[in-house]
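J.: Got chain A; can you put chain B on it based on the hints?
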Amino acid sequence: MNKMEKALYELTEMDDLAARSSPIHGLCPMAKLLSTIAYIAVVVSFHKYELSALVPMLLWPVLLFQLSGIPVRTCFYKLRIVLPLVMAVGLFNPFFDRAPMLALGGVAVSGGVVSMLTLMLKGVLCLMASFLLMATTPIDHLCAALRRLHVPGMLVTLLLLTYRYVGVMTEELAVMTEAYHLRAPGQKGIHVSAWGSFLGQLLLRSMDRAEELYNSMQLRGYHEHFHYADIKPCTPRDAVYTLCCIALFLLLRLVDAASLLGGLFVR
Amino acid sequence: MIELKNVSFSYEKDRPVIRDLSFRIAEGESVGLIGANGAGKSTVMKLILGLCSGEGQVLIDGEQLSKANLYRLRGKLGFVLQNSDNQMFMPTVYEDMIFGPLNYGVTREETDRRVDAVLDRLGLQELKHRHNHRISGGEKRMAAIATILAMEPQAILMDEPSSALDPYNRRLVINVIRELPQTRLITSHDLDMILDTCSRVILLDGGRIAADGPAEEILRDRALLEAHRMELPLSLSR
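These protein sequence lines are chains A and B, in that order. Read left to right, the first sequence gives residues 0 to 266 (our numbering). Read left to right, the second sequence gives residues 150 to 387 (our numbering).
Misleading hints may appear alongside valid ones.
[Claimed, not checked] Cβ pair distances, simulated, as ranges:
id, chain 1, residue 1, chain 2, residue 2, range
1, A, L158, B, Q213, 34 to 44 Å
2, A, L148, B, A217, 30 to 40 Å
3, A, S192, B, E161, 55 to 65 Å
4, A, Q200, B, L373, 34 to 44 Å
5, B, L373, A, Y213, 20 to 30 Å
6, A, H190, B, E365, 50 to 60 Å
7, A, A178, B, G355, 50 to 60 Å
8, A, S192, B, G355, 39 to 49 Å
9, A, L154, B, R168, 14 to 24 Å
10, B, S384, A, S192, 42 to 52 Å
[What the hints assert, rightly or not] Listed below are several chain B residues computed to face chain A (Cβ distance under 10 Å; list not exhaustive):
id, residue
11, L200
12, F228
13, N232
14, Q236
15, F248
16, G249
17, N252
18, G254
19, I297
20, M300
21, E301
22, P316
23, Y317
24, R320
[As the list claims (entries may be wrong)] Pairs of lysine to aspartate or glutamate, EDC-like flavour, derived with a Cα cap of 20 Å:
id, chain 1, residue 1, chain 2, residue 2
25, A, K231, B, D210
26, A, K231, B, E258
27, B, K225, B, D210
28, B, K277, A, E9
If you are wondering where the hints come from, they were derived from the structure by calculation, not from laboratory data. Glycine included, C-beta positions come from ideal geometry on N, C-alpha and C.
Only chain B is shown next, with the shape it has when bound in the complex:
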C-alpha cells in the first residue's frame, strides 16, 4: 500500500534528515513509526503525503507520487494531525467532516450518509452540529479522526494521536484505532499506545531505520531502545 524506495531528504543543504530510507507497508497493516525527537518521523509522514519531496520514490498503491497524481493519491490517504485545532478548521464538526468528501466529488447525499455512519460508529452523533471551538480536547481528537474516516481512505496516517489526552480519552482513541480496518501508520512517543495498536514497529534514528520488526519484539528490547534514546513502554518496564 505504502512504499518508500531509497528516499533521502534534507531541509538544509548537506544536513539530511532522511537518509536512503526504504520500507513497505502492506494493505491492512498497522505500523508504528517511533524514534527520538529529530529522528525524522514527521518528515517521513510529510514525504508520504507529498507535502515535501526528496530523492527516491514514494509509492502509494504501486503508483509513484508526483505532482500530476498528487490530488488523486492523497484521496487514498487520511492524515490525522497532532494538533486537532489545525485539522478542524471549519466552524462545526459536520462541516469539517463533509469538507474532504465533497472536495473529492462525493455527492452531498453520500457524504451525509458517510458522516452519519462514522459518527454512529464512533458514538459521536451528539457532536455533529457542535462548534469546533466549543468541544473539549478529547472530543476534538475523536472528531478529527471522524473527519478522516468520512473520506473513506485506504490508509490512515496519524501524528501523535494520543498526545495531550487524559487517560480516558487516550483509551477511547486507542480503541478506535485498533478497530480501524485501514492500513495505519502511527508516529508517537507513547510506546504503550503503539504496543496496543500496532503489529509492526519501525524505529528511526538520524533519518535511518534502526530496527524494523514485530512491535512486541522491538518494544521489549531495552538495549535497542536505550541505544536510540528511547525507553521501554511503561507497561513492559514494571
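Bound-form chain A, shown alone:
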C-alpha cells in the first residue's frame, strides 16, 4: 500500500468509526455538536497561566473515549500530523516571558513555560474534542446539524463537498504519483523540477471535475440551496446530556478542581 492509498484508507476509517454503535454514537448530532462547541469555548477561555485548572478538562474526552469505545491511540494516530503543529504553538513563549512563576522541586519555572504548556494542552484538548465529534457522528448528520445552527449554507456545502472529494482527489494524486514512479524508477519522491507541472495537472483535473460536478448539480435543479439528511430530533435524553456537559464545563471553569484536590494533600 503506497502513501496515498494509506491516506485514503485512513480517511474511510473515520466513516467506520462514525458508523459504530455506542451510547455516544446514539445521541442526536445537535447534542454532540453543541457540547463540543461549548467544550472548545470553555477550554479556549482559560487564561494562559491556568495550566493546573485546565488539566481537569481532560475528564470529558476521557469519558467520551470510554463511552464511545473509540481507542485513544486511534485519535493520536490520526492526529499525528496536526499535533506537532499544535504543539509548536507557544514554543517561543519561554524566550519572551522569563519571569519565574513557580518552583518545582527547587527548579524555577518561568511564566513562558507555563503559558506554552497551557497553549499546547488547549490545542490537544480542542483537537481531541473535534476528533471525537467526527468519530461519533457521520459527516452528513454533522452538516445537517450545522445548518440547523444557521451556519451559512455555503460553508456547510463546502465542508460536505471537501469531505466527499478529498478522497477522489487523493485517488487522482495516487494515480499521478504511480505514473511518475513507473517512469522514474529508483527515485525517492517526486523531483522538485516536476512539482510545478504536477500541481498544475492536479489543479486542471480538479477544475474539470468541479465543472462537471456543478453541471450535475444544476441538472438536478440546484439553485443555491442544499438539502441535507434528516437527522433524528433531539430527545429529552439528548437535552439532559447537553445540559450536563455544559454544567460540567462551567463547573470545571469556575472551580479550580485541581487546586482543590491538591489542597487536600498540600497545605
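T.: Just chain B now, with coordinates in the frame of chain A:
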C-alpha cells in the same frame, strides 16, 4: 419529446463542432448516438441539457429551451454522467437520490417513497445508506442511474453508461436500461450495448448526421461504420 432544429455550435470561432443538426426523438424511443472521438456526441448532449447553447432550436416536449424555462425543462430530463464520481457528490447514496426531487419541490414523504421504489426496482436497497466513496464502480454506476430515476424524468440521457464496468456490471446496467420506460438517448463507443438497448441509431461525424435509422441496420453496415472511423459491434463481427 426531444427535437433539434438546425442546431450549430462551436467552442472556438470558425471551428464548428455541430453543424446544422436536426433530429427528433419521439416519446418512449431509445436512441443511440454514436460516432468517433470528436464527432460531437457529448456536445449534442450538452446542447439538449442547456449546458451550452448555439444557433438553432432545441425543443423539449415541444417547448424551446431558453434561460427562462431551463429549470423547469431540465426537470423533465435526467442525465447520467460518464464519471459517476462527478454525479454522486453527496456523502451517501440516499442523500444523492433525494437531492434532485427535493430541489424540484417534491415533498420529503413522496421523495422517500420514490427512493425506496427505485432502489427496490434496481435491487439496490442495501446501498441506500452506504457512503458514495465506499461503493464499487459498478455499484456507483447503478446508484447514479437510481439518482436520476428518483427524479422521475420523462427522458434519460446517458453518456457512456457502460464504460469502465466489468462484464457482469455492464450486463446489469444494460438490463436496467432496457427496462426503462422513459425516452432514452445514449452515447457510447460500446456498440454492442447500443445494439442491446437502442432501436434507433444516429451516427455523427464532424458534427453532422452521417446516418440515422434502425440500430440493426446501421450497426450491421460495415462499410458505413468504417467510413466514419468505427467498427462493427463484436457480436456482429464474428
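J.: Confirm or reject each hint.
T.: Verification of the hints:
1. L158/A to Q213/B: 34 to 44 Å: holds, 39 Å
2. L148/A to A217/B: 30 to 40 Å: holds, 36 Å
3. S192/A to E161/B: 55 to 65 Å: About 33 Å separates the Cβ atoms of S192/A and E161/B, which means 55 to 65 Å is violated.
4. Q200/A to L373/B: 34 to 44 Å: For L373/B against Q200/A, whose Cβ atoms are near 39 Å apart, the range 34 to 44 Å holds.
5. L373/B to Y213/A: 20 to 30 Å: The hinted range 20 to 30 Å is violated for L373/B and Y213/A, with Cβ atoms some 38 Å apart.
6. H190/A to E365/B: 50 to 60 Å: Since H190/A and E365/B have Cβ atoms about 55 Å apart, the given range 50 to 60 Å holds.
7. A178/A to G355/B: 50 to 60 Å: For A178/A and G355/B the Cβ distance comes to about 33 Å; the hint is violated.
8. S192/A to G355/B: 39 to 49 Å: holds, 41 Å
9. L154/A to R168/B: 14 to 24 Å: violated, 45 Å
10. S384/B to S192/A: 42 to 52 Å: For S192/A against S384/B, whose Cβ atoms are near 49 Å apart, the range 42 to 52 Å holds.
11. L200: Constraint on L200/B satisfied, holds at 6 Å.
12. F228: With a minimum Cβ separation of about 5 Å from chain A (threshold 10 Å), the hint on F228/B holds.
13. N232: holds, 7 Å
14. Q236: holds, 5 Å
15. F248: This hint holds: F248/B lies near chain A, its Cβ roughly 6 Å from the closest one there, short of 10 Å.
16. G249: holds, 4 Å
17. N252: This interface hint holds because 3 Å falls under the 10 Å limit.
18. G254: Holds, because the Cβ-Cβ distance from G254/B to chain A comes to roughly 9 Å (cut-off 10 Å).
19. I297: holds, 8 Å
20. M300: holds, 7 Å
21. E301: Result: violated, 12 Å to nearest chain A Cβ.
22. P316: It is violated, given that the least Cβ distance between P316/B and chain A is near 24 Å, above 10 Å.
23. Y317: violated, 23 Å
24. R320: R320/B check fails; min Cβ-Cβ to chain A is 25 Å, beyond 10 Å.
25. K231/A to D210/B: violated, 41 Å
26. K231/A to E258/B: Given that 20 Å is the threshold and the Cα spacing comes to 15 Å, the pair holds.
27. K225/B to D210/B: holds, 9 Å
28. K277/B to E9/A: Given that 20 Å is the threshold and the Cα spacing comes to 23 Å, the pair is violated.
The earlier numbered hints that this structure contradicts are 3, 5, 7, 9, 21, 22, 23, 24, 25 and 28.
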